[in-house]
Amino acid sequence: MEVGLTHYLILAGALFLTGTAGVLTRRNSLIMFMSVEIMLSSVNIVFAAYSRASGDLSGHVFVLMNFAVAAAEAAIGLAILVEIFRLRRSVNVDDLNSLME
Amino acid sequence: METHAVETALRWIVLVPLIGAAVNGLLVRRMPRRIAGLLACAAVGVSFALSVKVVLRLVGMDAEQRLVTDTLAPWLGLGPLHVNIGFAMDQLSAVMALVVSGVGFLIHVYSLGYMAHDAGYNRFFTYLNLFIFAMLTLVLGENLLMLFVGWEGVGLCSYLLISFWFNDEANAAAGKKAFIVNRIGDFGFLLGMFVIGTTLLPELHHGEGVFSFQVMREYAHLLGPVATLAGLLLFVGATGKSAQIPLYIWLPDAMAGPTPVSALIHAATMVTAGVYMIARMNFLYVLSETAMAVIAAVGAVTALFAATIALTQNDIKKVLAYSTVSQLGYMMLACGVGAFAAGIFHVMTHAFFKALLFLGSGSVIHAMSNEQDMRLMGGLRKKLPVTWWTFLIGTVALAGVFPFAGFFSKDEILWKAWSQGGIGLWLLGFLGAGLTAFYMMRLVSLTFFGENRASDEVKHHIHESPATMTMPLVILAVLSLTGGWLGIPHFMGGQNHFETWLEPVFHQEAAGHHEADLVQELEHGALGETVAVLATSAHVTHDVIEGLDHAGEEAMEWTLASASLAWALLGLSLGTWIYTKRQGLAAAGQRFAGGALHRVLLNKYYVDEMYEAAILRPGYAVSERVLFRTVDAGLIDGLLVNGSAILVAIVSALLRLFQNGRLRFYAWVFASGAAGFILYLTVSG
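If you read the sequences in order, they're chains X and L.
Quick note on my numbering: the first sequence kicks off at 1 and runs consecutively.
Quick note on my numbering: the second sequence kicks off at 1001 and runs consecutively.
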């Protein structure tokens, strides 16, 4: 069976929904963070798949760009999480509601 | 070149008192008292001198051409509506300007003495100068709108000066009453102006000032259909300013102000503004018999009505105030029967002797340590000789005794009321004249004759007033004696210079044309011949009758004049006799009809109480229940103000549910929103 555009997109959709479900259901902000990364990866797959299907390389450029953005985001995001943990001794998002009022 | 100088002088007549008021007003706390007073006097003195200069120029012109105009700037230019800021002096304005600035100057000088010990000295002179400015704008303005500016200006100054001693609640209330009653009249005045404006505007050529007196006069024939309406609306304004029934109620209360103010504003000048306005708009009023009849009737009734109230008042200034209302009634009566010149003549003579009487009463009050109740006066004849003699002259002038000023003007009015109005109007005026003599002599007897009834403390302080106060009295006394000689009527062998002087202003050019047109139209009609013959024969008959009448008319004038002179003398002697020799009679008069009559008069026919019951109480009730409780508290405060606050509170309570700080809830909302959006795009595709 030839692996085509459809299969890539199904994989990307499945990964995206997995990531979304993770963000919505988990309380640990580290896991939520990882779920966001999974969603980002699914987007990268879509980029790469369409790029290949249409024979246009600019999709690959976006993917490389996204890696850089994801790396920067991970660096800042993890640093923030470490700081939150030092402050609160917890990374449970339900405890982090001081912006409410 | 010289004409130019005269024209420019016209604006300075008006502006110099304004400058005086501005300087005194802006430096009110810095200005030394002496300088403030002298500056104010000088400003009005300059106005008077300039008025004399311009009037002399007018005298030098041909009778029909006597007009000096001075346009400062265009004021309004809205489409077809053009109004200029400008001044104009014709024969009528000349008389008024001289009276206003001349009598005004004397009263300024008098105030130097009268107000010498008052804390608000500088403020007083500021207001006085401002008043003179407004009054001169009123009489010299070249259009109805300028007149209205002055009209409102004098109203404002009147308010400021009535409540001059505002620390006393009653004075402040009197000022408010004057202002509000005048505003009611002004509303009518405005409506009258609108009627004239909307009627004339479509007919004018471009650039003609619709409210200019000359333009209005030129187009007067177009005003025919609205003459009654416009005339009566303007007259409503005049009843407010000139204190006629039904809006006279503010004037007696206005006596709360300092006495020079009563003399200047509430006797000599401002209150004659209504008479001046009607005389100025004569071309309008002659078009409407109804309006004229109303004016004559209101004037005559006011003249008698106010005179009866004056019989019983005990406050010396209240008597003079009701006397003023009554005399203004005579002026209105004169205008109402078409004798505008006679009305203005009385304006002038009245300005002299009523200013004199008020200033004299001020001198009395000054001497009596601010006592105004005549029952506590008496015997001042010896102690205040100058005041006594000048006051006596003013009294006989007001009563209308030959050859004092009041005789000529009042007799002229009564004669015109008889010959042009009717016996009813004449009778009202005639009765009022007798009462005038009587109540004035009552005032004089109670004040100057007999024993002094004041406390020893007050008696000790009685003194004649300083020269700044007595000099104006003497000058006004001379004017009260001689002022009437300007208008000695023809039947007495005089020339009636005054009427001749004013004749061009009241010359009915427009109406004359109209009549001629009508005759011409008829002559061209089918019945032309007959009508023409009839008209000619009627004309001839009219001439014959007039010729025959002339002798009879003169005899009638002699009869009426003698009758009113005898009537005045009778009133004077009765007043003297009863209130010096037969006090018992006065007491008996008070008890007449169980004292009911006296009580009604003493309480001024309960008119204030009637207004209170008919207008004020319902007004308060509506304000309290409908406007305050329902509209303000219920609708505005309840529904609009609190209602919108409650609405915002409810909406924000709902919105607050979303902002709960739970990150996963936000994510849920975000994700469902995005999903919903994608779903929508897919479905609508």
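These are calculated hints, taken from the structure and not from any lab test.
Treat the hints with caution; some may be incorrect.
[What the hints assert, rightly or not] Computed Cβ-Cβ distance ranges for the label pairs, DEER-style:
(1) L/1659 - X/92: 25 to 31 Å
(2) X/86 - L/1648: 38 to 44 Å
(3) X/92 - L/1632: 17 to 23 Å
(4) X/86 - L/1671: 56 to 62 Å
(5) X/25 - L/1640: 45 to 51 Å
(6) L/1659 - X/77: 33 to 39 Å
(7) L/1648 - X/3: 55 to 61 Å
(8) X/77 - L/1641: 46 to 52 Å
(9) L/1659 - X/25: 48 to 54 Å
(10) L/1662 - X/74: 23 to 29 Å
C-beta atoms are modelled at their ideal positions from N, C-alpha and C, and glycine is treated no differently.
Now the hints, each set against the structure:
Distance hint for residue 1659 of chain L and residue 92 of chain X: a CB-CB separation of about 20 Å, inconsistent with the stated range 25 to 31 Å. The beta-carbon spacing between residue 86 of chain X and residue 1648 of chain L, approximately 41 Å, falls within the hinted interval of 38 to 44 Å. Take residue 92 of chain X and residue 1632 of chain L: their Cβ atoms lie about 56 Å apart, and the range 17 to 23 Å is violated. In this structure the hint that residue 86 of chain X and residue 1671 of chain L lie 56 to 62 Å apart at CB is violated, the actual value being about 30 Å.
Taken as a hint, the range 45 to 51 Å holds for the pair residue 25 of chain X and residue 1640 of chain L, whose Cβ atoms sit roughly 48 Å apart. Distance hint for residue 1659 of chain L and residue 77 of chain X: a CB-CB separation of about 23 Å, inconsistent with the stated range 33 to 39 Å. Between residue 1648 of chain L and residue 3 of chain X the beta carbon distance is about 59 Å. The supplied range of 55 to 61 Å therefore holds. Range check, residue 77 of chain X to residue 1641 of chain L: about 49 Å between beta-carbon atoms, so the 46 to 52 Å window is met.
At roughly 22 Å, the beta carbons of residue 1659 of chain L and residue 25 of chain X sit outside the given window of 48 to 54 Å. Between residue 1662 of chain L and residue 74 of chain X the CB atoms are about 24 Å apart, so this pair conforms to the stated range of 23 to 29 Å.
In this structure, the hints that do not hold are numbers 1, 3, 4, 6, 9, in rising order.
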